[in-house]
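Trainee: Residue strings, one per chain:
Protein chains: 2
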Amino acid sequence: MDRGFLFGDGIYEVFPVYNGLILGLESHLQRLQEGLDAINIVNPYDKKKWTSIINELITYHQENSEQAIYLQVSRGCDDDRKHTHGKLKPTIYMQSSPFKSPTKSDLLKGSAAITRTDIRWSQCDTKTTSLLANIMFAQEAKNHSVEEVILIREGIVTECSSSNLFLVKNNCIYTHPKGPYILPGITREIIIDCAKYCDIKVEEIAFNKESLMVADEVWISSSTREVVPIVCIDDRLINNGKVGETWSVIYDSYQATKSIRV
Amino acid sequence: MDRGFLFGDGIYEVFPVYNGLILGLESHLQRLQEGLDAINIVNPYDKKKWTSIINELITYHQENSEQAIYLQVSRGCDDDRKHTHGKLKPTIYMQSSPFKSPTKSDLLKGSAAITRTDIRWSQCDTKTTSLLANIMFAQEAKNHSVEEVILIREGIVTECSSSNLFLVKNNCIYTHPKGPYILPGITREIIIDCAKYCDIKVEEIAFNKESLMVADEVWISSSTREVVPIVCIDDRLINNGKVGETWSVIYDSYQATKSIRV
Numbered sequence: 001m002d003r004g005f006l007f008g009d010g011i012y013e014v015f016p017v018y019n020g021l022i023l024g025l026e027s028h029l030q031r032l033q034e035g036l037d038a039i040n041i042v043n044p045y046d047k048k049k050w051t052s053i054i055n056e057l058i059t060y061h062q063e064n065s066e067q068a069i070y071l072q073v074s075r076g077c078d079d080d081r082k083h084t085h086g087k088l089k090p091t092i093y094m095q096s097s098p099f100k101s102p103t104k105s106d107l108l109k110g111s112a113a114i115t116r117t118d119i120r121w122s123q124c125d126t127k128t129t130s131l132l133a134n135i136m137f138a139q140e141a142k143n144h145s146v147e148e149v150i151l152i153r154e155g156i157v158t159e160c161s162s163s164n165l166f167l168v169k170n171n172c173i174y175t176h177p178k179g180p181y182i183l184p185g186i187t188r189e190i191i192i193d194c195a196k197y198c199d200i201k202v203e204e205i206a207f208n209k210e211s212l213m214v215a216d217e218v219w220i221s222s223s224t225r226e227v228v229p230i231v232c233i234d235d236r237l238i239n240n241g242k243v244g245e246t247w248s249v250i251y252d253s254y255q256a257t258k259s260i261r262v
Numbered sequence: 001m002d003r004g005f006l007f008g009d010g011i012y013e014v015f016p017v018y019n020g021l022i023l024g025l026e027s028h029l030q031r032l033q034e035g036l037d038a039i040n041i042v043n044p045y046d047k048k049k050w051t052s053i054i055n056e057l058i059t060y061h062q063e064n065s066e067q068a069i070y071l072q073v074s075r076g077c078d079d080d081r082k083h084t085h086g087k088l089k090p091t092i093y094m095q096s097s098p099f100k101s102p103t104k105s106d107l108l109k110g111s112a113a114i115t116r117t118d119i120r121w122s123q124c125d126t127k128t129t130s131l132l133a134n135i136m137f138a139q140e141a142k143n144h145s146v147e148e149v150i151l152i153r154e155g156i157v158t159e160c161s162s163s164n165l166f167l168v169k170n171n172c173i174y175t176h177p178k179g180p181y182i183l184p185g186i187t188r189e190i191i192i193d194c195a196k197y198c199d200i201k202v203e204e205i206a207f208n209k210e211s212l213m214v215a216d217e218v219w220i221s222s223s224t225r226e227v228v229p230i231v232c233i234d235d236r237l238i239n240n241g242k243v244g245e246t247w248s249v250i251y252d253s254y255q256a257t258k259s260i261r262v
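Each protein sequence line maps, in turn, to chains A and B. Per the numbering used here, the first sequence starts with residue 1, numbered consecutively. Per the numbering used here, the second sequence starts with residue 1, numbered consecutively.
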């Protein structure tokens, strides 16, 4: 009878952990708060309490130098199934999974992606567990043996099934602006910071599929995948299938940031 | 670890039961099949087996002359949380709730609704448990003490948070055509059949909000609400707040159908 199960009525976060320390903790907890606010669930804990709980979970798995902490808050259990709800006690589910961040030599091989029409709702900035559209796209990527599905909404490239997207053209990095059509990725923010630190221009503006296909470089980003270069989209090579220089600079900067920030 | 809880990765149906008999059983089981097909879950049972299980559940609650049988099939439990999936055993959840179909004298008082922008995904014909948008609208209706939220997508009236919508103008009934923007309601189909039986013209065509506001009658329909006349939208009266004659004819025909079909 949990509304997470009956209605997908919940919010989640994934915290990447390196050497026992959480990257982007404050940003993830802030986004959790914004997600809960967006769907009117009262956050059961403050940031201090969440930090303490997450850190406790991390210590149970110290054998894993890298962990992904999954945290879900659903609206809770009701007495009967009805679309509306009264005051309920939120359900909290957390788990730690080992993960292995990809190595630079692996990433330099380049990954592939396919494009699909973005059929998701118009509130993609809320990190909800009502994820059916996203998981259907992820499954399609798996079935096509590609890394990701790139989503196109009315001609505009938004993001991917579970990652943000960047392109590089003439030494400038482009990514879709924040708003209702993309998830405001924490890794996306870190990458933008890295670019600024490396004196590479970043433009948060919308671009279409044609721009994507003639980009010098295309990357995707997420907390557990970090930043992955895409060299083939819909069976067409990007930049002749070569991973770009800008990606390499940003990748190195991201790795440095990991050790500084955590 | 059920994907119903983690991803809203499931399909559901609600079967209305009158005097121990299910209205629209075949249609509901057909829609269940189509929903499972749409998201690639193998239907765990055939129609005969489902019928047997549902009828068994009904007998446990014979004290209730009217029941709503809720049936949910999620993709099942996986070993770890990942967006993609391999072959899993679907999880089945069912429950019977007593319900009381509204009386004609109650319905003749007329109900109110509000309009909102339809922010849902573009596959609303799949009856999925990823229902966050729908339940947020339902909660908004509750907070405004109205029966429903009427959804408008790019100027076009689609349906409501958990019901289909009809309008009557110059003795013709209009409702949004089937397709990706509405759920193909079983009650919607029965109403269309009733209208044909009563020699009332039905047009399944899209109409805008302006047409809605100047309609002679507006109704909503669902399996448990049946057909409810709406006489006030966004605080503006429809047909001077009076329930219309066509509604009365269709309501009576629907009640007759209930006793014939089940």
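Check each hint, because a few of them may be wrong.
No copy labels: a pair is met if it fits in one copy or bridges any two.
[Claimed, not checked] Mimicking DSBU-like on lysine-lysine, the simulated pairs with C-alpha atoms at most 30 Å apart in a straight line are:
id, residue 1, residue 2
1, K48, K142
2, K49, K87
3, K142, K209
4, K142, K82
Just so you know, the hints here were simulated from the structure itself, not pulled from any lab data. Here the structure is a predicted model, which means the values were calculated and not measured.
Trainee: All the hints need checking, so say for each whether the structure fits it.
Mentor: Against the structure, the hints:
1. K48 <-> K142: Result: close neither inside a copy nor across copies, 38 Å intra and 34 Å inter.
2. K49 <-> K87: Within one copy only: 22 Å inside a chain, 38 Å across chains, cut-off 30 Å.
3. K142 <-> K209: Answer is within: at 22 Å inside a copy they meet the 30 Å cutoff, but 42 Å across does not.
4. K142 <-> K82: For K142 and K82, the Cα distance is within 30 Å only across copies (12 Å; inside one copy 35 Å).
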